[in-house]
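A.B. asks: Spelled out from the first residue to the last, the chains are:
Number of protein chains: 2
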Amino acid sequence: MKDLTQTDAEALIAKLGANAREAASVLAEATAERKHAALIGAADAIIASESAILDANAQDMRFAEEKGLSPAMLDRLSLDPSRIRAMADGLRSVAEQADPVGRVLAEWDRPNGLHIQRVATPLGVIGVIYESRPNVTADAAALALKSGNAVILRGGSESLHSSEAIHQALVSGLRQANLPETAIQLVPTRDREAVAAMLRAQGLIDVIIPRGGKGLVGLVQSEARVPVFAHLEGICHVYADRDADPDKARRVVLNAKTRRTGICGAAECLLIDREFFAKHGPVLVQDLLDAGVEVRADGELSQIAGTIPAEPSDFGQEFLDKIIAAKLVDGVGEAIDHIRRYGSGHTESILTENDATAERFFKGLDSAILMRNASTQFADGGEFGMGAEIGIATGKMHARGPVGAEQLTSFKYIVTGDGTIRS
Amino acid sequence: MKDLTQTDAEALIAKLGANAREAASVLAEATAERKHAALIGAADAIIASESAILDANAQDMRFAEEKGLSPAMLDRLSLDPSRIRAMADGLRSVAEQADPVGRVLAEWDRPNGLHIQRVATPLGVIGVIYESRPNVTADAAALALKSGNAVILRGGSESLHSSEAIHQALVSGLRQANLPETAIQLVPTRDREAVAAMLRAQGLIDVIIPRGGKGLVGLVQSEARVPVFAHLEGICHVYADRDADPDKARRVVLNAKTRRTGICGAAECLLIDREFFAKHGPVLVQDLLDAGVEVRADGELSQIAGTIPAEPSDFGQEFLDKIIAAKLVDGVGEAIDHIRRYGSGHTESILTENDATAERFFKGLDSAILMRNASTQFADGGEFGMGAEIGIATGKMHARGPVGAEQLTSFKYIVTGDGTIRS
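Protein chains in written order, with UniProt numbering: chain V, 1 to 423; chain A, 1 to 423.
Watch out, some of these pointers could steer you wrong.
In this list, chains with the same sequence are indistinguishable; a pair is considered to hold if it fits within one copy or across any two.
[Stated by the list, open to error] Pairs of lysine-lysine residues, derived as BS3-like cross-links and limited to a Cα-Cα distance of at most 27 Å, are as follows: (1) K248 - K412; (2) K214 - K67; (3) K248 - K67; (4) K248 - K363; (5) K279 - K15.
The set of hints was computed from the structure by calculation and includes no laboratory data.
Generate the whole structure from the sequences, applying the supplied hints.
C.D. replies: This is the structure in structure tokens:
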């Protein structure tokens, strides 16, 4: 969908960016109480606008059906009263979190009497580019506002009406709290040129967070001139070590793969130590087969009835489905080598009772999240106790792992002296 | 200087990048003792190679004189026994710092029994692009090594022989500690195409740190596809509030401007509250004039004998010289507005005995460093107690303010359960 010229799109984003920058300077100084009030006001307004939101969503659904969207996409797009309540609850839960701005992150004294504090500040302006789920409008805006940032939201073109109706409710919360309405802005066009302009908006947008499939995230990562918090894929590994407790291993492997297969923390590859396999047999693979998982097995493992032989391309693949790649390895060293080669730096879990082996796994890998005797499905801001997340990042810079309100802050140094001069 | 094609330069950086990545994976697991040994070994080797380093430097100096470099540039380039000793001392001082890798930055328990730790890890591969000072070779390599990162150094073309001789000493330290020699690599060419290839080396280099003048930093900031830690300019402001103690104010203003005028923390603009001026007269300006500073004064201030009238372009200018812009303002609000408009986000200092006014200054501004009753010349990693710095950053992402070894780390999450699964 392209009608805007590049110049038009850049002018539009420049205008939204200037509004956002102005709002951000107000938000940076806003009290915790006022941000809390805006979020609670927005939650109330979401509930009060239920029928308007449902009408807007119905319009989007008709359009999407005409366009022939897949049932999965239609499901992501669709809203009902319970999903609307969940959005309002999400806003309330973020409202009740501790305010991340102004926290003293570190402080120390210098021999010359200077007192130095590192204090959390907002990042500034956050751009969020997402696909069909309209609830991202509320979730992303809530975390941005909590952390004192202005946000520019560019929802999927399919969800434009739904997003607009939700945006209205959010703005009503801002208005009630006497905060600038431009603290939360929605890009008012379906035109894709606007996305391209956001990606180039250095100086206007401080960080871009893409929410969606690999196509969207890959595009954003390769084109953006603005910093990006994202993960491209969640190719999560579970490694069952020779010193694993077999009961714990069975429980964790099954949960890591099957609890929900479509999320980024779902396991995509099972590595089994040869000694574990010799001692305990094919239990881990059998459990998966019994649960209806397609096991693409390498080497000896493919002799287990019900598995299918793995192709080389099955390793390093994000299935997001009831499919798993499986392979025998010679100990933790080979597991580490495999994960370094095929992993995506998201989340990996080792199953072992051996502290030294776990330590080696933790040291040898540099994924954002490393686990021991726990399901990779815990890779989630809510499960980490962060209250909510805007996504999971695998970059090395700034925010890594689940990105909650705290991760949307930067810091500044406050240095206090008493007429102190440098010699 | 261009002989390499773009393809050649990219192949060269790809090779250095692959070496660095391999070295980085060894460094990430290296013990604190081994990194310490490599730094001490390098310091000893620097001292032992004094004559070789001085010979190489003499060669660079001859070349630079033929090229007609300015006396200031020649001074930055030149080495003598005391500068060589200072380099070795710098390496020893970084060696003695606490190891920043593996620190537990935060840890907490979840109700389901999971224990979560956030643990510091190296960033990976750091690219440093610098101008004529050959000592940056040792300083940057030391901080990178301490923080477990591999480094690719691209020194000024004028200092190539000096940098090579210093690099030899650093490599000898790595060798003695049995760490990979490719942990510290020097780009072996004067060709500028190599810089361009570094700036595009996404995936090979994790962060670029430019050290040099505005021309270099501006180029890096605008062209880099890799994250950059840098500041473009240090347009530092000092604001003398109505509630300033006049003695402290005189001491700090004079020091902030005159201690060293060529560093990024030197004050470039003095803002004086009208009430302070009415009460205490022109003392602050007079002190500067007496110290031989050219005061470019706005409005009434220009009536002080010895000042010269300010042009609009004097505000927001980084003089790096015995020159300062000066202006009267109506209180802290106008000072904040002025600094927001003309500052570069580096360092600003307020002189006041009034806590509420200081608080307003700290809240209203978002420079990397904000000070009270202290000289802006303290904007320095050493003065902050970080031991050493690789530079000062004004970006909002990741590292901000002085960048020491700690700021060259990222983190990962270590999650420990007991067969814990997600419901």
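A.B. asks: Against this structure, judge whether each hint is valid.
C.D. replies: A quick look at each hint next to the structure:
1. K248 - K412: This pair counts as between: shortest inter-copy Cα distance 24 Å, intra-copy 45 Å.
2. K214 - K67: within (21 Å within a copy, 52 Å between copies)
3. K248 - K67: The answer is neither: 47 Å in one copy and 71 Å across copies each exceed 27 Å.
4. K248 - K363: Classified as within; 23 Å inside a copy, 51 Å across copies.
5. K279 - K15: So K279 and K15 fail the 27 Å test inside a copy (66 Å) and across (44 Å) alike.
Hint compliance for this structure: hints 3 and 5 are broken, all remaining hints hold.
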